[in-house]
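Chain G is fixed; fit chain Z with the ligands onto it per the hints.
Sequence lines, in order, name chains G and Z. Per our numbering: the first sequence = residues 1 to 464. Per our numbering: the second sequence = residues 1001 to 1221.
Please keep in mind that the hints were generated in silico from the structure rather than gathered at the bench. Check the hints yourself; a few may be wrong.
[What the hints assert, rightly or not] Here chain G is said to cover these stretches of chain Z; the calculated rule only asks that three of the stretch's residues, wherever they fall, bring their Cβ under 8 Å from a Cβ of chain G:
hint	region
1	1040-1048
2	1071-1081
3	1091-1098
4	1109-1122
[Claimed, not checked] Here are the simulated lysine-lysine pairs, PhoX-like style, with alpha carbons at most 25 Å apart:
hint	chain 1	residue 1	chain 2	residue 2
5	Z	Lys1116	G	Lys2
6	G	Lys58	G	Lys306
7	G	Lys417	G	Lys58
8	Z	Lys1082	Z	Lys1116
9	G	Lys292	G	Lys306
10	G	Lys453	Z	Lys1082
11	G	Lys144	G	Lys170
12	Z	Lys1082	G	Lys2
13	Z	Lys1062	G	Lys453
14	Z	Lys1082	Z	Lys1062
Positions of the beta carbon are idealized from the N, C-alpha and C atoms, including for glycine.
Letter by letter, the chains look like this.
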Amino acid sequence: MKAASLALLVARDLRRARGALAAAGFGIIAGTAALFFFLSLGLGVRSVLLGSVFPLDKIELEPAAKADPGLLALVLGSSPMPGIPGDVVDQVRAWPELVRVYPKLKFAFPSTARGGAEVFGQDIGTSEMLGDGVDPALVEADVKPPWRFEDTWESGGPSCRSDDACASPKYCERASTETEGKCVDPVPVLVSRYLVEIFNKGVAPAHGLPPVGESLISRANGVTFNLRLGESLLGRAKLGAPRTVRARVVGVSSRAIDLGMTLPLPTIRRWNKEYAGEQAANSFSSLLVEVKSPGDAGQVIARASKTGLVPHDTRARDVSVLIDGILALLTLVATVILLVSASNIAYTFRALLHERRATIGLYRAVGATRLDIEAWVLSLAAVVGAVCGSIGLAIGWMAAFVADHVASARLPDFPFKPESFFAYPWWLVCGAVVFGALFAIVGAIGPARAAAKVDPREALLQGG
Amino acid sequence: MTDVVEATALRRTFGARVALEGVDLRVAQGDFLAIMGPSGSGKSTLLGIIGGLDTSYQGSLKLFGQATSVLSDRELSLLRGKRIGFVFQAFFLLEHQSVLDNVLVPSLFVPRTDAKTAALQALDRVGLADRAADRVDTLSGGQRQRVAIARAIAHQPSMLLCDEPTGNLDKETASRIVEIFASLHREGTTVICATHEDRLAEVATTTLRLSEGRVSKEQAS
Ligand SMILES: Nc1ncnc2c1ncn2[C@@H]1O[C@H](COP(=O)(O)OP(=O)(O)OP(=O)(O)O)[C@@H](O)[C@H]1O
Ligand SMILES: [Mg+2]
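Just chain G, with the same shape it has in the complex (with noise of 0.2 Å):
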């Protein structure tokens, strides 16, 4: 049977039975609004908090032995910092799973931050700052032309004794162990996404400040302000006299630390030299590993624990479970819906073709196979699934976007509150309108096998 002479008899039994037809389809069109509006809610809520909030391509990986000694420790200094020494970063580098491995270095001596008047209309400041280090290369793109993330020491230009022999917004940069120092730019300082939304829906409201946002690096000259090292309320470092120096922030970056400052790898190296010693500028605090594939991440960390190295953070991967998780129930839901819909495309489509016995006789009379037969209730069944999933799909994409009206409308504002919450890749577009149809074929198999097998005589000429 040729093409067209299908699309014919299909467009026939469309316009005829359009009501038994529609009644069998509505399972069709439930399950694929359903299907569609929970895929694109859980694709969406996932690259949301996968993508901003814990991103799952990096992993942290700090010594095991637990670790970080806290604030105080580097006041009292009793135990030296654990590290990571470079021959270990070495052995990680080879790892076949890992793209790039970036080591970070934290500030090992206490520091305080002031600034922000240039947006805040008045300086605010930490009584505690915590500060990474990273490597430049690791969030090169995060950085705001025209500035450079790059220890500025390096670059600096005539020798000074004090601020005033600089031309602003240079100043006098001089370890407190020197009498002389350099003439240099700000240092180029990341805050976390995390920090600024934490900021803008967290602490400028309580506070009555404005929301920073995007202005934080868009001003012309940055946002500068001073750190404090070598000092805090917890006390000062163990070396070293407590100096100021000056900082820009240069870009936001879901790399940076979540809750503090991130500086140029070197740049902290040399200030733990100042105030730790040696051993504290040459090993690293912790290494952020790029992994090639989100499924390497076990394998990775699996590794990693032999090598006497943990995960700093499984938020990521708890939240990816959960959202699979989730996901994978809410999918079962609409694919039982889509099952009962089939049984019910299935019992009309046997009830419809029951009543047309003589027809489907005569068909075979007239020279139809068995074949023609099926694929003539088949391509019935696609049809109707077909045209039932894009109303399925068109009823869950309104209901997506009502929802996430309601809640841009209704919800508070909170931290990573997204524009969406859904997202619409085009294979589940396409794939919403390939499972109607799909359900619906399964639904007609069985009919239409029952339909190849009427037998035309007794349609035809018994009883006639």
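Here is chain Z with the ligands on its own, set in the frame of chain G:
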């Protein structure tokens, strides 16, 4: 010339009931055979076998010189679609479609390039050319049977099979139908009709009488 139908020792049972037994039959090209007999004598059963609608029989059957038992479903369907036309007592028209669309139904399964022209010619042949665009459910019983005949002859079959084509019609209408079969026969179509209608038997060249599934004794005459 090969016979259009050549059947030997046909036997058909439905469970324990024997519907046909030892039926031999030859129909030559151009014959008009009337199959007669009381109700339940096996007329429709025989027609089903000859038309390739029923393959669950014993004995041998050749259609157009070809043994049908070796044909696949596809080949047998094609044979029906190309060389046989069927007319039934109950018409079996698609009520919601136009007269022309009904006549075109066979061409959906066995495509022909000139299907529409042939369909209109067939309608003209049964005197319904002017009703081609009307819906079938606006027609009378006799007109419906003429549509069914047009559907059966549009592809110019070698053999026309009919099962009590006048069974649902009044006398007057029936004679018009009989006249159409007679003229189709005159034009060379082989016609095989199961019927109670004496007038149909009168225009037939041969009559086969069945009784309880067997060819009856008086057949000799
Ligand atoms: N599917 C079936 N199951 C059982 N018996 C059947 C079946 N089909 C036909 N028969 C029997 O076969 C016999 C012949 O039936 P058939 O329909 O050929 O008779 P007929 O001569 O066409 O009768 P009528 O003039 O009433 O149409 C009958 O006894 C009938 O009951
Ligand atoms: Mg009969």
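Under the criterion that the straight-line Cα-Cα distance not exceed 25 Å, is the pair Lys292(G), Lys306(G) satisfied? Roughly 20 Å between the alpha carbons, so the hint for Lys292(G) and Lys306(G) holds.
Lys144(G) and Lys170(G) were given as a pair; does the straight-line alpha-carbon distance stay at or below 25 Å? Holds, because 19 Å separates the two Cα atoms, which is no more than 25 Å.
Hinted pair, alpha-carbon criterion (25 Å max): Lys1082(Z), Lys1116(Z). Please report holds or violated. 16 Å, holds
Taking 25 Å as the top limit, are the C-alpha atoms of Lys1082(Z) and Lys1062(Z) close enough? OK: Lys1082(Z) and Lys1062(Z) at ~16 Å, within 25 Å.
Sort out whether Lys2(G) lies within 25 Å of Lys1116(Z), counting only the CA atoms. 16 Å, holds
Hinted pair, alpha-carbon criterion (25 Å max): Lys1082(Z), Lys2(G). Please report holds or violated. 16 Å, holds
What's the verdict on Lys417(G) and Lys58(G), does the C-alpha distance respect the 25 Å limit or exceed it? Cα-Cα ~22 Å, so holds.
Taking 8 Å as the C-beta cutoff, is the stated coverage of the region 1071-1081 of chain Z by chain G satisfied by three or more residues? Three-residue rule met by the region 1071-1081 of chain Z, so holds; n is 6.
Does the alpha-carbon distance linking Lys453(G) and Lys1082(Z) stay inside the 25 Å limit? Cα-Cα ~21 Å, so holds.
For the pair we were handed, Lys58(G) and Lys306(G), check the Cα-Cα distance against 25 Å. 19 Å, holds
Counting residues of the region 1040-1048 of chain Z that have a beta-carbon nearer than 8 Å to any beta-carbon of chain G, does the count reach 3? Holds, because 4 residues of the region 1040-1048 of chain Z bring their Cβ atoms closer than 8 Å to Cβ atoms of chain G.
Mind checking the alpha carbons of Lys1062(Z) and Lys453(G) for me, to see if they're no more than 25 Å apart? Holds. Lys1062(Z) to Lys453(G) sits at ~24 Å (cutoff 25 Å).
Comparing the model with each earlier hint shows no violations; every hint is respected.
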